[in-house]
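Student: Protein chains in written order, with the working numbering: chain Y, 1 to 143; chain L, 1 to 527.
Calculated directly from the structure, the hints in this document are not laboratory data.
Do not rely on the hints blindly, as some may be mistaken.
Said to hold, decoys possible - Residues of chain Y placed beyond 12 Å of chain L at every Cβ, according to the derived structure: (1) 16; (2) 23; (3) 44; (4) 46; (5) 53; (6) 60; (7) 78; (8) 79; (9) 83; (10) 93; (11) 104; (12) 119; (13) 137; (14) 142.
Stated by the list, open to error - If you anchor each label on the Cβ, the simulated ranges turn out as follows: (15) 52(Y) x 140(L): 40 to 50 Å; (16) 287(L) x 5(Y): 32 to 42 Å; (17) 300(L) x 118(Y): 53 to 63 Å; (18) 52(Y) x 359(L): 28 to 38 Å; (19) 93(Y) x 388(L): 22 to 32 Å.
Ideal Cβ placement from N, Cα and C applies to all residues, glycine included.
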Amino acid sequence: MDEETLPPPLKEALQVLRKARMPEAKVEVVVGNFAYVWLPDVVYDPTKYPAPHRRGLWARVPIQFPLINPHGIVTRGQLNPVSSHPIKGESQDPSMCAPVQQLGGTHYYSWTWSGELGEGPKLNAPSDILGVVSWIERRIRNA
Amino acid sequence: MDRATNSQRLKALQFSITDRVHALVLRTLFDDARDPFGPEKGFLGLINAGTGATRRTLYLREVVPQESGWVRWTGDGLRFAAEYFSRGLTLAAQSTTGTGLLIVHSHPGGFGSNVSPRPSSPDLFHERRLLCQASRSLPEGAPVASGIVSGGGRWRLREYWWPRAKTSEQARSRAFGPNGGSFRDAERVKLVGRELGTFSGRKNVQVAQPDAVDSTLRLWGTDGQDVLNGLSVGVAGAGGVGGMVVEQLSRLGVGHVTVVDYDTLKPENLNRAQGARRGDLRKLKIAYVKRLARQSATAHGFEIKVVPASVAEWEGLRPLLDCDVILNAADSAFARQVLDHAAFAYQIPVVDGGTVFMIESDGRITGRSQVSEAGPGRPCLECQGVYTREEATMARESPFQQGPNRYLTTAGKKPARGELPRAPSVISHNGLVSSLMVQRLLRIALGFPPSVKSWQQRFYVELGEIRWGSVLDCEADCPKRSWTGLGDGHPTPVGVDPFFPLKNGRESTSNLPNLATPRDPLAGSGH
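Extracted from the complex, chain Y is given alone in its bound form (with noise of 0.2 Å):
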């Protein structure tokens, strides 16, 4: 995926996103609106799910960031707590995972950003995808 050819403020907030947190970050295709971002070093907190507690996962991040907020995440395999409790928000349509499907990506879950949890932090500034993993990570901990 050539990145070049992302607006400005989501190329700004891939450099932020690497620079701060995530070196490896990166587009992997954009599908509609929305770009599939590999987030190759996401938290699982180790008290509610089994090791490995970093892994990655793709976050669907909009196109049109920070103007538009994250729907979504796509991972490889499906989310399991030690509590086995099932996941709220996982969506059986196979056509969400696709696009990263032959990178490993089996599980779509259709989180929003004012789903079960509230409302996430009011996304402003292309700096603001650092708040959009820290919401991922507390999703999958309170999930």
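Given the coordinates of chain Y, work out where chain L should sit on it, guided by the hints.
Tutor: Same frame as chain Y, now just chain L:
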């Protein structure tokens, strides 16, 4: 010195300024009302450009603050200090990408004058010299322009372009110096606030059938009819509301109408598609809307442009950026958000209208028909609750991911796969909304009727009452006001309309890997 030649520069040029900035300009240039014939004054301004399908617009966003003595009259001309230019260039560099510089001076006297000022030979000599230098100091593509303001508040504006020297030899040649390059004069000046002022320097009181508009001429006279004749109005959506809006505009004598919609007419639309025939079925809605508008137009030389596209994509938005006012009848949070941004970034007042019906669990029908305005001098649609960011997010998903349409709540029933969610629509409510929208246009363009209220109006279905909304301004942390006049420098959130391929037979862009980001057709053009 040549006139502009390349395709971008052949676009008609207009200048747009908000009433707030215009008031600051007049204070800066004519603060001594006791001496209207005093010496010339001047200032530097930060400008940005916006590009429509056929029109380029320059926006004056800010007046660069000046210290005493930085702009002074010397007896043989106005002098701008190097420190002032340095401040202007620094502020332009610190601002949004694409910010350029405007140099303005006054032509004193004639406070009542209605004539646009004309530059003198020394004016032209000095502005070329100063702007050529500024152009070299700014990033490529940043606009440079000169302006003159008369005591009566009339503007003359000219944009210049200079080629970029690639070698030191080129830099020394005349073609790259003050007398090289090209220019274009603004054909129109637009003053944007709660009302709209346009000055084209030409009068065209031309009515195809004077008898046909006799009733309105009695209300706003030939001057008002001339304003409508010179007005360019964009209509987003040619459905039940949009179709009626277009017919009202054409009958009123609006001179130029642009309609954007990609949808086709279906049998279920016939109970509200005013003027449509069975023969129009399965054809684009804009086709019958265009026919009706032409049949009903009263303006001399009436023009209607129809665009089979989505306003949520550049292809549909660009033609609307040529317009003076946009009336949005597209029932989509995606379209609403895009137009909300455009209203501020491109300084185009947007009037949004629509109806929400809700079927309660006990079978009662409630809802509201609503009209809202956004843009300079008004709160944004988002702060007025017309859409939420989450709705705008979900509207970007495939229709089958979106869930039930917010304009129809029926106990959470989701559309089946393969079935697009469809909102209920009643022609009488469409008529109410379209009339209120056109009424807003008349207030914006003519001050008719002279009401100061420009905020939301709601007709409550269950009450049968129209009430004014209570949101008079944006929320404190809303950034949209700071986007005013950024033009193409603002990342307007256009994208891929997920309904477009399903309704129009366009190749589906959903769920296909490696799809390129939707490209602005102007990308790479230098603007």
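Student: Are the hints correct? Go through all of them and say.
Tutor: Taking the hints in turn, this is what the structure says about them:
{"no.": "1", "hint": "16", "verdict": "16 Å, holds"}
{"no.": "2", "hint": "23", "verdict": "23 Å, holds"}
{"no.": "3", "hint": "44", "verdict": "25 Å, holds"}
{"no.": "4", "hint": "46", "verdict": "31 Å, holds"}
{"no.": "5", "hint": "53", "verdict": "30 Å, holds"}
{"no.": "6", "hint": "60", "verdict": "9 Å, violated"}
{"no.": "7", "hint": "78", "verdict": "20 Å, holds"}
{"no.": "8", "hint": "79", "verdict": "20 Å, holds"}
{"no.": "9", "hint": "83", "verdict": "29 Å, holds"}
{"no.": "10", "hint": "93", "verdict": "7 Å, violated"}
{"no.": "11", "hint": "104", "verdict": "14 Å, holds"}
{"no.": "12", "hint": "119", "verdict": "9 Å, violated"}
{"no.": "13", "hint": "137", "verdict": "20 Å, holds"}
{"no.": "14", "hint": "142", "verdict": "19 Å, holds"}
{"no.": "15", "hint": "52(Y) x 140(L): 40 to 50 Å", "verdict": "49 Å, holds"}
{"no.": "16", "hint": "287(L) x 5(Y): 32 to 42 Å", "verdict": "35 Å, holds"}
{"no.": "17", "hint": "300(L) x 118(Y): 53 to 63 Å", "verdict": "58 Å, holds"}
{"no.": "18", "hint": "52(Y) x 359(L): 28 to 38 Å", "verdict": "49 Å, violated"}
{"no.": "19", "hint": "93(Y) x 388(L): 22 to 32 Å", "verdict": "24 Å, holds"}
Comparing the model with each earlier hint shows violations of hints 6, 10, 12 and 18; every other hint is respected.
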